[in-house]
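Sequences are here, hints too, so could you generate the full structure?
Protein chains in written order, with my numbering: chain A, 79 to 868; chain B, 8 to 232.
By construction, these hints were calculated from the structure, which means they are not laboratory data. Keep in mind it's a predicted model, so treat the numbers as computed, not measured. Among the clues, some could well be false.
[Stated by the list, open to error] Here are the simulated PhoX-like cross-link-like pairs (lysine-lysine), alpha carbons at most 25 Å apart as the crow flies: (1) B:Lys78 <-> A:Lys402; (2) B:Lys122 <-> A:Lys403; (3) A:Lys163 <-> A:Lys219; (4) B:Lys126 <-> A:Lys81.
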Amino acid sequence: MIKNYFKTAWRNLVRNKVYSLINILGLSIGMAACILILLWVQNQLSHDRFHKNLDRIQVMNNRDINDGVKFAWSWTPNIMGPTLKKDYPEVADAVRYAEGNHFLFTVDEKKLVPSGAFADPAFLSVFTFPLLKGDARDALKEVNNIVLTEQLARSLFGSDDPIGKIVKIDSIDHFKVTGVLKNLPDNTAFDFSYLLPWSYKDKLGWTDSAWGNNGVHTYVMLKEGASKTAFDQKVNKITTNHLPGDPLYKSREVFTQPFKDQWLYSKQENGRYTGGRIDMVRMFTAIATLILIIACINFMNLSTARSGKRAKEVGVRKVVGAQKKGLIVQFIGESVLLSAIAFLLALIIVMISLPEFSTLVDQQLHLPFSSPLFWIYALVFILFSGVLAGSYPAFYLSAFNPVKVLKGFFKSSAVSVNPRKILVVIQFTVAVLLIISTFIVMQQIKHAQTRDNGYDARNLVFVHMNGAIEQYYSLIRNELISRGAAAAVTKSMSPVTERYSDSWNISWTGKTAEDKKVNFVRMASDADFVKTLGTKLAMGRDIDIYKYPGDSNAVLLNETAARMMHLRDPLTAVLKADGIEWRVVGVVKDFIYQSPYEKVQQLIVFGPRSRFNTLHIKLNPVNTTRQNLDIMAAIFKQFNPEYPFDYKFVDAEYARKFKEEQKTGTMAALFAGLTIFISCLGLFALSAYMAETRIKEVGVRKVLGASVFNITSLLSGSFLKLVIISCVVASPIAWFVMNNWLKNYEYRISIGWPVFAGTGLLVMIIALATISFQSVSAALANPVKALRSE
Amino acid sequence: MIKITNLEKIYRTEEVETVALNDLSFEVRDGEFVAVMGPSGCGKSTLLNILGLLDDPDAGSFLFNGVEVAKFNERKRADMRKKNIGFVFQSFNLIDELTVFENVELPLMYAGVKKSERKARVDEVLEKVQIMHRRNHFPQQLSGGQQQRVAVARAVVNKPKLILADEPTGNLDSSNGNEVMQMLTDLNEAGTTIVMVTHSEHDARYSHRIIRMLDGHTVTENILV
Numbered sequence: 079m080i081k082n083y084f085k086t087a088w089r090n091l092v093r094n095k096v097y098s099l100i101n102i103l104g105l106s107i108g109m110a111a112c113i114l115i116l117l118w119v120q121n122q123l124s125h126d127r128f129h130k131n132l133d134r135i136q137v138m139n140n141r142d143i144n145d146g147v148k149f150a151w152s153w154t155p156n157i158m159g160p161t162l163k164k165d166y167p168e169v170a171d172a173v174r175y176a177e178g179n180h181f182l183f184t185v186d187e188k189k190l191v192p193s194g195a196f197a198d199p200a201f202l203s204v205f206t207f208p209l210l211k212g213d214a215r216d217a218l219k220e221v222n223n224i225v226l227t228e229q230l231a232r233s234l235f236g237s238d239d240p241i242g243k244i245v246k247i248d249s250i251d252h253f254k255v256t257g258v259l260k261n262l263p264d265n266t267a268f269d270f271s272y273l274l275p276w277s278y279k280d281k282l283g284w285t286d287s288a289w290g291n292n293g294v295h296t297y298v299m300l301k302e303g304a305s306k307t308a309f310d311q312k313v314n315k316i317t318t319n320h321l322p323g324d325p326l327y328k329s330r331e332v333f334t335q336p337f338k339d340q341w342l343y344s345k346q347e348n349g350r351y352t353g354g355r356i357d358m359v360r361m362f363t364a365i366a367t368l369i370l371i372i373a374c375i376n377f378m379n380l381s382t383a384r385s386g387k388r389a390k391e392v393g394v395r396k397v398v399g400a401q402k403k404g405l406i407v408q409f410i411g412e413s414v415l416l417s418a419i420a421f422l423l424a425l426i427i428v429m430i431s432l433p434e435f436s437t438l439v440d441q442q443l444h445l446p447f448s449s450p451l452f453w454i455y456a457l458v459f460i461l462f463s464g465v466l467a468g469s470y471p472a473f474y475l476s477a478f479n480p481v482k483v484l485k486g487f488f489k490s491s492a493v494s495v496n497p498r499k500i501l502v503v504i505q506f507t508v509a510v511l512l513i514i515s516t517f518i519v520m521q522q523i524k525h526a527q528t529r530d531n532g533y534d535a536r537n538l539v540f541v542h543m544n545g546a547i548e549q550y551y552s553l554i555r556n557e558l559i560s561r562g563a564a565a566a567v568t569k570s571m572s573p574v575t576e577r578y579s580d581s582w583n584i585s586w587t588g589k590t591a592e593d594k595k596v597n598f599v600r601m602a603s604d605a606d607f608v609k610t611l612g613t614k615l616a617m618g619r620d621i622d623i624y625k626y627p628g629d630s631n632a633v634l635l636n637e638t639a640a641r642m643m644h645l646r647d648p649l650t651a652v653l654k655a656d657g658i659e660w661r662v663v664g665v666v667k668d669f670i671y672q673s674p675y676e677k678v679q680q681l682i683v684f685g686p687r688s689r690f691n692t693l694h695i696k697l698n699p700v701n702t703t704r705q706n707l708d709i710m711a712a713i714f715k716q717f718n719p720e721y722p723f724d725y726k727f728v729d730a731e732y733a734r735k736f737k738e739e740q741k742t743g744t745m746a747a748l749f750a751g752l753t754i755f756i757s758c759l760g761l762f763a764l765s766a767y768m769a770e771t772r773i774k775e776v777g778v779r780k781v782l783g784a785s786v787f788n789i790t791s792l793l794s795g796s797f798l799k800l801v802i803i804s805c806v807v808a809s810p811i812a813w814f815v816m817n818n819w820l821k822n823y824e825y826r827i828s829i830g831w832p833v834f835a836g837t838g839l840l841v842m843i844i845a846l847a848t849i850s851f852q853s854v855s856a857a858l859a860n861p862v863k864a865l866r867s868e
Numbered sequence: 008m009i010k011i012t013n014l015e016k017i018y019r020t021e022e023v024e025t026v027a028l029n030d031l032s033f034e035v036r037d038g039e040f041v042a043v044m045g046p047s048g049c050g051k052s053t054l055l056n057i058l059g060l061l062d063d064p065d066a067g068s069f070l071f072n073g074v075e076v077a078k079f080n081e082r083k084r085a086d087m088r089k090k091n092i093g094f095v096f097q098s099f100n101l102i103d104e105l106t107v108f109e110n111v112e113l114p115l116m117y118a119g120v121k122k123s124e125r126k127a128r129v130d131e132v133l134e135k136v137q138i139m140h141r142r143n144h145f146p147q148q149l150s151g152g153q154q155q156r157v158a159v160a161r162a163v164v165n166k167p168k169l170i171l172a173d174e175p176t177g178n179l180d181s182s183n184g185n186e187v188m189q190m191l192t193d194l195n196e197a198g199t200t201i202v203m204v205t206h207s208e209h210d211a212r213y214s215h216r217i218i219r220m221l222d223g224h225t226v227t228e229n230i231l232v
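Right, here's the structure in full:
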């Protein structure tokens, strides 16, 4: 019997080629979109899930009140890790980890500046990245040990066995390779190509034992059976207890976040991690489901619309003994067959589009053909889609009365008109919803992009200070200006697009009890901060140690900081930080150094008695960029010959701040486009079929005097009405969803009516274009032909 | 074989009530060939649908081989149908996507007959209706007469006790019509009971008895043999 069902289904598909093609194409595009999204979702959900001790690993966090609001952060004191390991018996291991190393690696003639991290020796036992060579337990035991990734090892040593080989770091220290890690997978939050032991960080003097200085990530692995809740309660006041009597740390809390949640839950509300990437995962899972439903609706609509063609078969089968149950199985089986064909086509579409999609989502996605689990999921997916698409038509078709259908009394449109209209409205509601959302995301990105960032990022580059740059800074600065490569140069703590440091521990004249818990972002400059970055002075002057020798302890405030400090005359104010008194010499207008979607926080630019990590160079506008860069390269080669000249453009770095939102916007646009395409595909087939079934009516109307316009309006109008209803239904939903989304941003647009009107108009034009061909063709047909067939 | 007593069937819409069968009673004996005649709308087809267990009466009794079937549920009716009744329609009602062989094979599949036996029985019946040479053709590749022969083959392949024919020659020319009537006669002579609805006096004369209907009940019965 199954063979008989299969034959009937196959011959039906072949006989109705156009409708079958539309059905299969729509379903496969929907499935392909769904598979792409699910691959991304799976990638997100699998981040760092491969570590064997996953459930026991916790991320140490702080929570405190800043400017009246609770917030959390995962930077911890250097001393916390060893203290936890020593004093807390439930801790099996504690690991410190810090990325951002840019050491110069030298092996024979090869010189590289790879990015790496410092980690405690237990890192490789807590996090089970596959170690190809070496022993995880002692690979980072000695101060001169180094663990490389496979790729870096190959870059440094070619095909030679790297174990035991020596790498020279910064021309000072020699390290023995004690381990080779398999290249890090794409689905990990860690980003390093080598690991150096934490003891080397100690040796460099880059660590301290201050409980108030939070500069490292600390992970603990709890012992088997240890309770996270109990541990949280125990460590809650660890910082406060180590800083007794210090009012600054009275409200400081320490708590853990399960490591497995860190990737997905990074957004916090009132000091608790409540969302983050998980919101995107949920949103796109919902979009994937909706796209699949829309594609299935095409199948439902076409199957029920064309049910007249199958009515006789149902009647005959019933007459010769088929029961309703058997017919339901037959029709669902047909739909599963179609779903299987569509799935194969979808796999081809996915294979073709996966490289582009991987670039879009910035993850290396792949179809795991060799995994049996993939094929099990594929089977479930086919069955689910098949049953979803086929169940309504199956129940609908199998309920036909054989007497009526065999006598030719069957009228499909009369009995099925409402469900089909509802399904079309659902399709277009989703499409309109996605299009409105896409427009709003795009508007929000544009809104932030066009926000005045308060400085001039054009022709502004920064260079990390490595090797001999610090030593020869004055000479380099003079050369850059005198040889005409730079218009201005300033040393700073961090690139202007990032914050490296912040501090609660700032006091000033007139500071009140309420002001105590305010966190200030710290930057630094030796001179020409305003001139180089192109920020604007609100009052006072720039720091300039070369012009004003007393400026070694000068500071600049931004307007928000000056306001927050309640300074009546900021230029007479004196601050105290790091045990030094600092004089305010100027106030700069607020500029965006972090997220363009957030309000600008209070900032202090400290004078030359600071730590410097970065050079900002304003290129000379008289020369071409190439000329400036060539001169710069020569100067850096002269003073810092060991290191390759590496620089970044500030405007490119600033543009990266929009990456996540642009990714969301592009994905939303892509899937909105696909949704409207699939919906229109269904609408096209439905209108074609309606035109076919109403041919006699059209003939009669024409004979009675209807014009082509009358007929076209008649046939198109019924569909357009559905599209208008969809717009009306989708608009408030879109407003609600997107208004909530916008609440994530402090600097945001307000949703106006044009986006709804514009989308409605756009969708109606698309729908009209889709159905007008059929309507006009039907209206232009010779009525005599239609009526003669009667 | 068939005994109906005081059968009633009323079709209702919101505004109109149409009495299709009105206190109808008659009997069909085993091996009989009965023709039902009457003007359009007199209830002939409704009667045939009830006899074929495709529809159920609103009142009255319907005994099939002594079993009351008037209130059977869908499953029981389907079961009774596939074991005992064959249908021949005016418009043939072959499934376009199935070949001649597959169309005729269908009732045997629903009856759960094994594949090897199905093949033998379908071939045998196709030989009998002289359409064997077209066994792999699709219905739309056949003439009307050929299609009706396939429909007759499908009706008899399961060796039903009763064949219900609804204007079997209505869509055929006289030559093809006579052929089909001869086939039904042969089947009847071989022992199959036949109830045929027809407008044609010529076709009716092939039967043993003619029941004439008007407004849902019998008006006369003519015994021909």
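Results of checking the hints against the structure:
| no. | hint | verdict |
| --- | --- | --- |
| 1 | B:Lys78 <-> A:Lys402 | holds, 18 Å |
| 2 | B:Lys122 <-> A:Lys403 | holds, 22 Å |
| 3 | A:Lys163 <-> A:Lys219 | holds, 16 Å |
| 4 | B:Lys126 <-> A:Lys81 | holds, 15 Å |
Violated hints: none; the structure is consistent with every hint.
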